[in-house]
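There are 2 protein chains.
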Amino acid sequence: MAATVKSIDQAADVARYVRGLGAQARSAARDLARSDTASRNRALTATAEAIRAGRAALLAANRQDLDAGRGLASALADRLELTEARIEAMAVGLEEIAALPDPIGEVTGVGYRPSGIQVGRMRVPLGVVGIIYESRPNVTADAGGLCLKAGNAVILRGGSEALHSNRAIAASLRAGLTEAALPADAIQVVETTDRRAVGELLRLDEFVDIIVPRGGKGLIERVMAESRIPIIKHLDGICHVFIDERADPDKAIRVAYNAKTQRYGTCCTMETLLVDRAIAPEVLPPLAARYLEAGVEIRGCPATRRLVDGCAEATPEDWDTEYLAPILSIRVVDGLDEAIDHIGTHGSAHTDAIVTEDYSRAQRFLREVDSSSVMVNASTRFADGFEYGLGAEIGISTDKLHARGPVGLEGLTSQKFIVLGDGHIRQ
Amino acid sequence: MAATVKSIDQAADVARYVRGLGAQARSAARDLARSDTASRNRALTATAEAIRAGRAALLAANRQDLDAGRGLASALADRLELTEARIEAMAVGLEEIAALPDPIGEVTGVGYRPSGIQVGRMRVPLGVVGIIYESRPNVTADAGGLCLKAGNAVILRGGSEALHSNRAIAASLRAGLTEAALPADAIQVVETTDRRAVGELLRLDEFVDIIVPRGGKGLIERVMAESRIPIIKHLDGICHVFIDERADPDKAIRVAYNAKTQRYGTCCTMETLLVDRAIAPEVLPPLAARYLEAGVEIRGCPATRRLVDGCAEATPEDWDTEYLAPILSIRVVDGLDEAIDHIGTHGSAHTDAIVTEDYSRAQRFLREVDSSSVMVNASTRFADGFEYGLGAEIGISTDKLHARGPVGLEGLTSQKFIVLGDGHIRQ
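As you go down the protein sequences, you meet chains X and W in turn. Whatever position you read off the first sequence (first residue = 1), add 644 for this note's numbering. Whatever position you read off the second sequence (first residue = 1), add 644 for this note's numbering.
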């Protein structure tokens, strides 16, 4: 364990301790911002090497967490557990991040202005990123690595049940930074299980530029309520597919089936299916048969129930529920406007799709649905940083400012203006 | 006066009243988001016509405010006053906004992914913008017009001393919207002078997407402390010029003189001059002579005082002060690193410039100074939306997220992902 991570035993005061981490992160961020691409990539590959070489120590640290967490639910324990395969996946993930193009220093849009100055924009790191997460220790390597790649310092606050694992992974990252002659404090773990530390971190707007919460809805809500720092987050993923009157029935069934059943527990899984009344008799019965075969429970509006045998009645709450489970609500609507209104009222601005062969309605849906990802004739399950070609993903944002939708390296950067003159003055 | 603006006399409860404005704005924003370019431009030119045609009524409303504000300081009364020329300037400003390219609907970066889907981004309105400002009634037309151009609904909360003027200008905007068959509620004025209304507006995160405060530091600080909604703002403009050892002395003197004296009261006026020790004896005496001739008071570090006759001593507070006045602090530094450190410690991340002929130091300054605008061999006074070619400016942001530096139409928009498939599903 790197000795430079200050232990909470030495810090009587949680607030002072967290502030100390913030000041160290800010200082490290200054050095990182001026580091070159090769150094940051070297830190990432050296970390991958350290993780592989330190496999035994990682497993031992993880064993401590697993032993202490014997009472944990099995899903939680599974997320917590590190295996040889998961350790190798972390190392490979870091090497993949190292192989991504460096976003930092990119200069765009430079042009001359009538005054004679040249004006453009330069992409620079955000500065310090705070990551608050639960259980999965691999977030320490994945999110930490992504932040470093974009030239940011990171403060990691994982779940108390994963503290030993997170500390051990962070030690590898710090070793990688040191190997690349970069400041080890660019990665710091909040080493106290005191819950007040989270509150302190969320008030550290002097030192922390952005907070990324990764975890369940309870965590996100707490971060939203308390944070004085901007957040990259999504709270819900109530995603819709609308089957338009002029949909190709085969495409409609294929897309709507995949959007629900490809994986049930993800934020871009469809939770409500909207079907135009004119096409419902054609597509709903065969589609419902496939859902029922896959074990999906259907809750429908009255019109849906007339078309689907044994379909339960949807309550008003169903339209506002993210099931994250093999349950689907279905509503028959009268045309595009009713579909868009339903999505605007009940959706979570995450990912919504239309299936249609009608050009004008496809264009209207793309323009008027105010969600982070809007799709035509494609499964909502594509809403993912890898699928979008971002290389990797720090999270998904349903907010409209800064980063929207899947957030990759670009969301961890900022663009400043640069002005080049030759002694130019304003008249 | 348009009757559709709800008067506070009808709304017993300030919170309920402001919430009502929010709900109406959100509804109008949905219509505006689907409006076409021509309609929004028509609304702007029709507003310009209405402002010209209603000149007499505008002057009368302004007269009411001026009469009620007889006790106001003369600078405040001057900002409040509408003249024929100022009314014409508002009308011309709206026509110029109408002539700008429409940012909405721009689709960029569309490309095929290995899965076969096409992924790209579409620029869309933010939704609802809240503007909180003081005195100058022209902000009602300028900021309101810019928001409408980008497809946003606006809630305007001007100073109570300008209520009649703002109401009359907003009535012209609402008439313009109606003329273009767009919802008049896309422009609403908070028609109460109750200060709690500002607090309510700042908590209206359900309906308002962004707040733009325009005014003095007290206003900005209040908005920062109370807002639950993201803000486009800058608090201070403590801008620096650093004259490097390898500066061309003529350019250095020209740029540093202009950055201070071209206008004293703007946020991009230089407040502190940093000079490399090696070049200080050559540039400081002639530069100081020019400043003194212009009536600029100089407060210097000990090394500066040895070079400039009659120069007062700078106190530690001087390095952290935005004078907005003919006062300048000057510090002699030992090289680029000390200059960058000074700017990082005392600057406000607004606008900072280096004067140098040294290629590597220019590159380092551009990369490492973490300000909204970073300049080489140009006056800080260029930090302005018009000078940068943004067409118009809603404000200047010193924050790193979303919009940074001068903020034009683009900062009033968002980019969502669009995905185009042909029945594609995720494997």
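Hints in this document: simulated from the structure, not taken from any laboratory. Keep in mind that a hint or two might mislead.
Since the list gives no way to pick out one identical chain from another, each pair is judged satisfied if it fits inside one copy or across any two copies.
20 Å max Cα-Cα, derived SDA-like pairs, lysine to any residue [unchecked claim]: (1) Lys895 - Ala721; (2) Lys895 - Arg847; (3) Lys861 - Gln906; (4) Lys1060 - Gly1035; (5) Lys861 - Gly954; (6) Lys1060 - Leu1045; (7) Lys895 - Gln906; (8) Lys1060 - Thr689; (9) Lys1060 - Glu957; (10) Lys1060 - His990; (11) Lys1060 - Thr727; (12) Lys895 - Pro745; (13) Lys895 - Gly1067; (14) Lys1060 - Gly988; (15) Lys861 - Gly737.
State whether the alpha carbon distance between Lys1060 and Gly1035 is at most 20 Å within one copy, between copies, both, or neither. Answer is between; shortest inter-copy Cα gap is 18 Å, intra-copy 23 Å.
Identical-chain pair category, Lys895 with Gly1067, by Cα at 20 Å: Answer is between: at 5 Å across copies they meet the 20 Å cutoff, but 62 Å inside does not.
Can you tell me if Lys895 and Ala721 fall within 20 Å by alpha carbon in one copy, between copies, both or neither? Neither way: Lys895 and Ala721 sit 39 Å apart in one copy and 66 Å across, limit 20 Å.
Treating 20 Å as the Cα threshold, decide for Lys1060 and Glu957: within, between, both or neither. For Lys1060 and Glu957, neither the intra-copy (53 Å) nor the inter-copy (34 Å) Cα distance is at most 20 Å.
Copy assignment of Lys1060 with Leu1045, given that the CA separation must stay at most 20 Å: Close inside one copy (16 Å) and across copies (10 Å); limit 20 Å.
How do Lys1060 and Gly988 come out at 20 Å by Cα distance, when the copy is not named: within, between, both, or neither? between (34 Å within a copy, 15 Å between copies)
Check Lys895 against Gln906 for me: Cα-Cα at most 20 Å, and say if that holds within a copy, between copies, both or neither. within (15 Å within a copy, 64 Å between copies)
Lys895 and Pro745: within-copy, between-copy, both or neither at 20 Å Cα: Neither: 36 Å inside a copy, 38 Å across copies.
20 Å Cα threshold - placement of Gly954 relative to Lys861: For Lys861 and Gly954, the Cα distance exceeds 20 Å both inside one copy (32 Å) and across copies (64 Å).
Within, between, both or neither, where Lys1060 and Thr689 count as close if Cα-Cα is 20 Å or less: Classified as neither; 29 Å inside a copy, 33 Å across copies.
Within, between, both or neither, where Lys1060 and His990 count as close if Cα-Cα is 20 Å or less: between (37 Å within a copy, 19 Å between copies)
State whether the alpha carbon distance between Lys1060 and Thr727 is at most 20 Å within one copy, between copies, both, or neither. Answer is neither; intra-copy 43 Å and inter-copy 38 Å both fail.
The structure shown violates the earlier hints numbered 1, 2, 3, 5, 8, 9, 11, 12, 15.
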